[in-house]
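J.: Chains as they are written, first to last, in our numbering: chain A, 6 to 386; chain B, 10 to 255; chain C, 128 to 511.
No lab work stands behind these hints: they were computed from the structure.
In this text, a Cβ means the ideal position worked out from N, Cα and C, and glycines have one as well.
Hints are supplied without guarantee of correctness; some may be wrong.
[To be verified] Selected chain A positions facing chain C (in silico; Cβ < 7 Å):
no., residue
1, THR39
2, LEU40
3, THR158
4, ASP159
5, GLN175
6, VAL178
7, MET180
8, PRO190
9, ASN325
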Amino acid sequence: MNWPETRNVKETNMRQLFTFIRKEFLQVLRDRKTLLMLFGLPIAQIVLFGFALSNEIKDSRIALVDYSKDAITTRLIGKIEASHYFDIRRSLAGAEQLNAAFKRGDIRMAVIFPQNFGDDLIHTGKATLQVIADASDPNQATTITNYLESIVTDYNAELAKDAQQSLQIQPEVQMLYNPELRGAPNFVPGVMALVLMLVCTMMTSVAIVREKELGTMEILLVSPFKPIYIIIAKLAPNLLISIVNLFIILVLSDVFLDLPVKGSVFLLVGCSILFILTCLSIGLLLSINAKTQQAAMMGSLMGMMLPTMLLTGFLFPIENMPVALQVLANLVPSRWYFIIIKQVMMKGLGFASVWKETLILAGMCTLLFTISLRNFKIRLQ
Amino acid sequence: MDAVITTDKLTKKFGAFVAASELTFEVGKGEIFGFLGANGAGKTTAMRMLCGLLTPSSGKATIAGFDVYTQTEKIKKNIGYMSQKFSLYDDLTVSENIRFYGGIYGMSRPAIKKKTGLLLEELQLQSETNTLVRELPLGWKQKLSFSVSIVHDPEIVFLDEPTGGVDPVTRRQFWDLIYAAADSGVTIFVTTHYMDEAEYCNRVSIMVDGVIAALDTPAGLKQKYGSASMEDVFYELARNAKRKGD
Amino acid sequence: MKTLVFLLEKEFRQLLRNRQLLRTLLLAPLIQLILLPLAADYSVKNINIAVTDNDHSPSSQRLIAKITASGYFRLTGYTASYPAALKMVEQDKADLALQIPAHFERDLVRENTKQLYIAINAIEGTKANLGGAYLRSIIGDFNDDLRVQWNMMTETGQGNAISASAGQDDPPQVSVASSNWYNPFLNFHLYMVPAILVTLVTAIAAMQSAFNIVQEKESGTIEQINVSPIKKHIFIIGKMIPFLALGILLFTMGLLVGRLLYGIVPVGSLLVLYVSLVVYLFAMLGLGLLLATYSNTQMQAMSLSFFFINIFNMMSGVFTSIDSMPGWAQAIVFTFPPSHFIKIMRTVVLKGSGFSDIMPELWAMAAIGVFLNTWAVLNYRKTA
Numbered sequence: 006m007n008w009p010e011t012r013n014v015k016e017t018n019m020r021q022l023f024t025f026i027r028k029e030f031l032q033v034l035r036d037r038k039t040l041l042m043l044f045g046l047p048i049a050q051i052v053l054f055g056f057a058l059s060n061e062i063k064d065s066r067i068a069l070v071d072y073s074k075d076a077i078t079t080r081l082i083g084k085i086e087a088s089h090y091f092d093i094r095r096s097l098a099g100a101e102q103l104n105a106a107f108k109r110g111d112i113r114m115a116v117i118f119p120q121n122f123g124d125d126l127i128h129t130g131k132a133t134l135q136v137i138a139d140a141s142d143p144n145q146a147t148t149i150t151n152y153l154e155s156i157v158t159d160y161n162a163e164l165a166k167d168a169q170q171s172l173q174i175q176p177e178v179q180m181l182y183n184p185e186l187r188g189a190p191n192f193v194p195g196v197m198a199l200v201l202m203l204v205c206t207m208m209t210s211v212a213i214v215r216e217k218e219l220g221t222m223e224i225l226l227v228s229p230f231k232p233i234y235i236i237i238a239k240l241a242p243n244l245l246i247s248i249v250n251l252f253i254i255l256v257l258s259d260v261f262l263d264l265p266v267k268g269s270v271f272l273l274v275g276c277s278i279l280f281i282l283t284c285l286s287i288g289l290l291l292s293i294n295a296k297t298q299q300a301a302m303m304g305s306l307m308g309m310m311l312p313t314m315l316l317t318g319f320l321f322p323i324e325n326m327p328v329a330l331q332v333l334a335n336l337v338p339s340r341w342y343f344i345i346i347k348q349v350m351m352k353g354l355g356f357a358s359v360w361k362e363t364l365i366l367a368g369m370c371t372l373l374f375t376i377s378l379r380n381f382k383i384r385l386q
Numbered sequence: 010m011d012a013v014i015t016t017d018k019l020t021k022k023f024g025a026f027v028a029a030s031e032l033t034f035e036v037g038k039g040e041i042f043g044f045l046g047a048n049g050a051g052k053t054t055a056m057r058m059l060c061g062l063l064t065p066s067s068g069k070a071t072i073a074g075f076d077v078y079t080q081t082e083k084i085k086k087n088i089g090y091m092s093q094k095f096s097l098y099d100d101l102t103v104s105e106n107i108r109f110y111g112g113i114y115g116m117s118r119p120a121i122k123k124k125t126g127l128l129l130e131e132l133q134l135q136s137e138t139n140t141l142v143r144e145l146p147l148g149w150k151q152k153l154s155f156s157v158s159i160v161h162d163p164e165i166v167f168l169d170e171p172t173g174g175v176d177p178v179t180r181r182q183f184w185d186l187i188y189a190a191a192d193s194g195v196t197i198f199v200t201t202h203y204m205d206e207a208e209y210c211n212r213v214s215i216m217v218d219g220v221i222a223a224l225d226t227p228a229g230l231k232q233k234y235g236s237a238s239m240e241d242v243f244y245e246l247a248r249n250a251k252r253k254g255d
Numbered sequence: 128m129k130t131l132v133f134l135l136e137k138e139f140r141q142l143l144r145n146r147q148l149l150r151t152l153l154l155a156p157l158i159q160l161i162l163l164p165l166a167a168d169y170s171v172k173n174i175n176i177a178v179t180d181n182d183h184s185p186s187s188q189r190l191i192a193k194i195t196a197s198g199y200f201r202l203t204g205y206t207a208s209y210p211a212a213l214k215m216v217e218q219d220k221a222d223l224a225l226q227i228p229a230h231f232e233r234d235l236v237r238e239n240t241k242q243l244y245i246a247i248n249a250i251e252g253t254k255a256n257l258g259g260a261y262l263r264s265i266i267g268d269f270n271d272d273l274r275v276q277w278n279m280m281t282e283t284g285q286g287n288a289i290s291a292s293a294g295q296d297d298p299p300q301v302s303v304a305s306s307n308w309y310n311p312f313l314n315f316h317l318y319m320v321p322a323i324l325v326t327l328v329t330a331i332a333a334m335q336s337a338f339n340i341v342q343e344k345e346s347g348t349i350e351q352i353n354v355s356p357i358k359k360h361i362f363i364i365g366k367m368i369p370f371l372a373l374g375i376l377l378f379t380m381g382l383l384v385g386r387l388l389y390g391i392v393p394v395g396s397l398l399v400l401y402v403s404l405v406v407y408l409f410a411m412l413g414l415g416l417l418l419a420t421y422s423n424t425q426m427q428a429m430s431l432s433f434f435f436i437n438i439f440n441m442m443s444g445v446f447t448s449i450d451s452m453p454g455w456a457q458a459i460v461f462t463f464p465p466s467h468f469i470k471i472m473r474t475v476v477l478k479g480s481g482f483s484d485i486m487p488e489l490w491a492m493a494a495i496g497v498f499l500n501t502w503a504v505l506n507y508r509k510t511a
């Protein structure tokens, strides 16, 4: 048979590469269930979390115990009822029932007006009400205690208005970037970083190990394919899927969560691609050492899920962590990506504000890619 | 014939695709019955129906006297099965595998112990009693797999392409095991696409495109089709087949 | 029954032989339990504040001193103009910006009231909430001090218009005496560790059980099971028991770590905890089983279980409160067993809740468990 002469080696290589990439795509596209997950997962999560997650504390269930039952307590209770901070669940007859209510998780706080509350206030100028908070969740306890205190402060201000020299300072508070205190502006970028990272690394590592397990990897290695082509072809479908995911997420955020990209989409997508490449490199690195698919999966999951969730900075402030963890956090790519998303998407800032983070990501990407490439080659020997 | 397997127009459709069509045959006790055909001809579908793994679309069948629609659990008590993948547990030892399969078929512990000894002796695997199956060479795995499939002395044993990827010497030894089992009264139902193995069977059926194109002794078939070997018989029958194998 | 014994024998043998798995399963959770609480500190401290003081009066200086002395805030900027302070917030160099306008002290006395301007980066809700609350609290205290001082001054001060108010009583004030029950030191570990323990056990139960069954599917051994007379439900029970045991083991280890490392001793009874654990595992193993019946490859099993586990982790009240979710989300979360178990864990460990207190949650988990397991058993077919 006569084989057609190829013009030059480079052209052949390119053609081979494309053939390979096409095969990879076909494989991925045919696995319907996994495909569903690859797309469905990020989308479902972003929408779900965007709507459902928030750190806002409102409608906290509280109980009232009023031993005094006079005009003043009624007034105060009215104020408490009127605020949207609280949802008065019950008026307990006595404080003995408190422990039971707390234990059942029915209420988070109890407000107790002692006897002669109103009388004490009028005659001695001072009255104290008791607030008992369920401090299982310390932040919530602190916050709703504060809410209650602010209602009392308001009331005090009313009382003081009548007297002279009230010297009332009025703080005017403006909530920036997220006036309604929705959870989405914090969680959506965080979940974006988390999900992109996890999906990229896991899918990549498992895909490569799968070929190893099935034995088809050996065939590839025996072929005249350069290792770097194998890598590129393996990463290509995941890269594309992740980019498509990214766009879907951005569109959904805009349409459903009212979170448009305030800054440059071009910049955001560019940085995102950088981030995705970094994650793919990590997946590559993981796949080199794993012998079975299960090991690759458990490795990525146990090894990556936790640090990513913790150290990205959207669940817990990194500044609060022990120094050792803060240093560790700097090694997690999603931490930097999270900052970029917030600055560009939420605040609408430009490259000038994120050049540092972008540079770090670029550095990580290059480093990881080089290391995995080298390790991959070593494995072949 | 003392029939242990009877089928009457047994059919399996997957949607519009008819995988097996109106299969009608009988297998007698102690027979080595070969079920031949190209890949995709419908052998595995037919076997899975007989094992109680697949519900037929229509037609009748009885295995060891039990109805294949209503008494699948009783069937399973009385048959053995060896899959293409040799389905032993890689991470259990030889004796642990025997123990497990003996146990789930209801054998008592003393019986299992005794059988294990016999089996290992027969296969000459005594030294490998405590070896993990994944460390056994392919041929030993295959022989072990067969022995495990009849550990509970079933009436019938179904073998699905049992000799794939094994060297000729091992294949011969394997068939020796099959003969020994048949001699002790076990009926053997084996599917294969190795035509030379057809010669080892008492009777052979050849499936083409989901139907039984021929059923007879190997000698009878060779005479009928004027062929010197079973391979030629097969070629005669299958060359016009519409369903090509993988 | 006898077949179950043989099944269990095999399952446990396989489990104990899988060194890599055992290591990952037992080690990783420990690391998680150690690391996570260290990092998971929601207590808000070191809030960065940028202050613009256009007044430069003794009062404004005192206010700023009070703010920095409070321990909650770090003065990261002292800018000449408010826009500059806002810029710092934009650049994430400050979380809050405070402007004390010009003539603050003078106008406060003259007009009896005066504004202060605060801008808060509200992207992260907790920080915004608490930061704002702390600042308001400090300003409120400062206001009270100022008022008292001023009234004292005017009482002892020279005559004129001011002395007209001399002898006037301080306005009546209601004060609040607050106490924190069950966690008086506001220790975050008490809150987080029980929940984290749940997330760990969840991964083992739902994910690992699914993998295990799918592995049998992939290797073909499940066919041998299907062709044998083992009853469907016996096979399933045989699969669940080892993971139940593993889950209980993990949980116990977690409790020990919680005790040794964080000094967390459950206030409630261990019996309550373990019974809840078993009901919970029953539900989650049911989920794992169900997922396995829908997966043919390990990759699929992984995708499916990862999907659910991630949603459970984020939405079951570990990091954010379920109360703050919209109604429809709360309804969805109600069907998640982890949300119930986490609530049980927190109430039993911190508050000493007993069986009667957690009945609703136990029932919910049991019902979900029955539903999932039934679905799984029905879906699993020995005969196709």
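J.: Which earlier hints turn out false for this structure, listed by number in ascending order?
T.: 2 and 4
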